[in-house]
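Guided by the hints, dock chain B onto chain A, whose structure is given.
Residue numbers (our numbering), protein chains in the order written: chain A, 7 to 290; chain B, 350 to 561.
It should be emphasised that the hints constitute simulated quantities derived from the structure, not laboratory data.
Among the clues, some could well be false.
As the list claims (entries may be wrong) - Per the computed footprint, the stretches of chain A lying under chain B, defined by three or more beta-carbons under 8 Å from a beta-carbon of chain B, are:
| id | segment |
| --- | --- |
| 1 | 36-46 |
| 2 | 68-75 |
| 3 | 97-105 |
All residues carry an ideal CB built from backbone N, CA and C; glycine is no exception.
Each chain, letter by letter, is given below.
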Amino acid sequence: MRTDEVNLSCGMEFSPKPNSALLIVGHGSTENPDSSAPYFDHAREIRRRNVFGEVHCCFWKEEPSMREALYMIDANEVYVVPDFISEGYFTRDVIPRELELTGPTTRIHGKTIHYCDPVGIHPSMTSLILRRTVEVAPGVPQKDSTLFIVGHGTGLNKNSTKAIKDQVTLIKTLPDCHFADVLDTYMEEPPFIADWAKLADTPNVVVVPFFIADGLHSYQDIPVMLGFEKEEGLAASQKEIFRRNPYRLQGKTLYYSAAIGTDPMMADVILDQISTFDAKHVAH
Amino acid sequence: MSLTKAFTETLESGVNQIGQIRILLDPIRLHHIDDSDSASLEIHTDPDDAREIGLYTPEGEYRFTKGELSLPTGWIFHLESIEQLRRTIDLLYPASLGLWNAWKNDTIRVQNLRDKLNRQTGMYRHSRNVSDQGAQDLVKCLCGPTNKCVKKILWKIDEEQPLEDSEASQFNGIVAQGDEANAIPLLCQEACNFFVAQARKKAKEEFEAKPA
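In isolation and in its complexed conformation, chain A is listed as follows (with noise of 0.2 Å):
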C-alpha cells in the first residue's frame, strides 16, 4: 500500500481565521535543543498555509515562557494548541496555571483566549499513525505484521497511557488497517516494548514511538531494548537510527519509525483540534 492508498481523516477543512493568532505549547528541554524542534516545525506548516494572522509557539523549559507569550501577540482572539501527547499534569494544571485560564474561552489582558484539547488525544492522529507505518515499511504485507504503538508509561499516571490504548482502539476500526495485530506498549510498564518479539506472532514488525519530539527515548533507550542499539553512547549519527531499516531481529524483520510529532501532518492535527474545538465551544 502506498502512503497516499491510505484514507485520511486529518486534514479537515480549515475555516482561515486571519484575525485571530495561533500559540502552540510545547514541553522544550535546558538539556535537548532537538525536543523542541517538532513545535517549530508544525508551526512553521501552518504560517505557510496561511490561516492564521499570527502563528508562534511557547514553552514550559524553553523560551519563550507561557507567561511571555502574549506580549508577541497583537490578535485580540488567541488559539492556544498543547503540542503534548496525552492529557495530563501540562494540560491541565501547568498549561491552564501559567496562561490564567479559567476554561475553555478564557479573557484576560484584553484578550479572548481558546484553549484546546491536545494534539495527542485528537481522532485524526489515528490516521496519521497507519500513514506513517505505510511509509517506514513500504511495500510490506499488513497482514503479516504487527503494529506497535510505545508510550513512555509511568505507572503514577493513568492517563499517560490512555491516549495509546484509545489510538490503539481506533486503528483497528480503520478500513485501512490490516495489520494482524495492533498493540500498545511501553517503556517503563507492562506490556513492555522490550518484549515485543515475544509479543509479536507475525514475521514483520512496525514499531511507532507515540511522543512528540525525536529524544533521547526515541534515538537511544527504545532501540536498546528492541535490540539493535548497545547500551553505552548514542549511535554514530542519531538520525540514521531511522535510516537503517529493516533490522533484522529474533527471527523477525523490525520496521522502525521516528516519533509521531515529527510527521509533517502534525499541522494538519493542530489545525483539526482547533476545529474540534469551534465546533465544540464556539457558536458561529
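Only chain B this time, still in chain A's reference frame:
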C-alpha cells in the same frame, strides 16, 4: 497600537540594537553587532533560519537561555518586511519586542520571585522553600552578563525586598555599552524556569545543611 507599528516607529527614530543584534533599515538587515564587514557574512532570507543560528554557542553548547551573551557571529538576514524582522528577532530573543513594548507602555505584568515560586506545583513546589538570602545569592550567580543572562531584571524578591546591589541587579539589558537612546533593552519580567529549577536545588541544599 500594534506591536509592528510601535516597533516600526521606534526603528525610524534611530533605534538599531537589541541584545547582540544590529538592525538596519532601507533595506532591512540584521546581523551580529560584532560583525562589521557584511560582505563576508552568510546571507539568510528566511526568518525561520534564526532558530538554528541561535541554537548553539560558538563552542557548540546548547543555548537554552536566549539572553545568554553567546550569540554566534557570521550571518546576516536580508528581510523584506517589519513582520519578517519581528519573527527573526522573536526566534533570537523570544518575546523581547513584546515585553519591551509593554514595559514602555507600563502594561507589563511583573511578578516578584516569591509569587513566582509560590505558584509552582509538582516537583518545583519545593522551590518556594529557598531562603531570601539564598534567592539573592542565586541572582548573583545565575543572572547578569558574567553569568547566563543579559536581561534587565524587573522583579524583586517580594514587594518589600528589592534585589541586593550587584552586576546582575544593576544591568540595564543593553550589551556592548550600547547607547540607551538607540537600543531596545532585553527584559526579564519574572524569574525564568531555569532559575526556578536552581531555586529548588538551593532549597534542598539549605534543608540538608540545617543541623539535625
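Hint-by-hint comparison with the structure:
no.	hint	verdict
1	36-46	holds (count 5)
2	68-75	holds (count 7)
3	97-105	holds (count 3)
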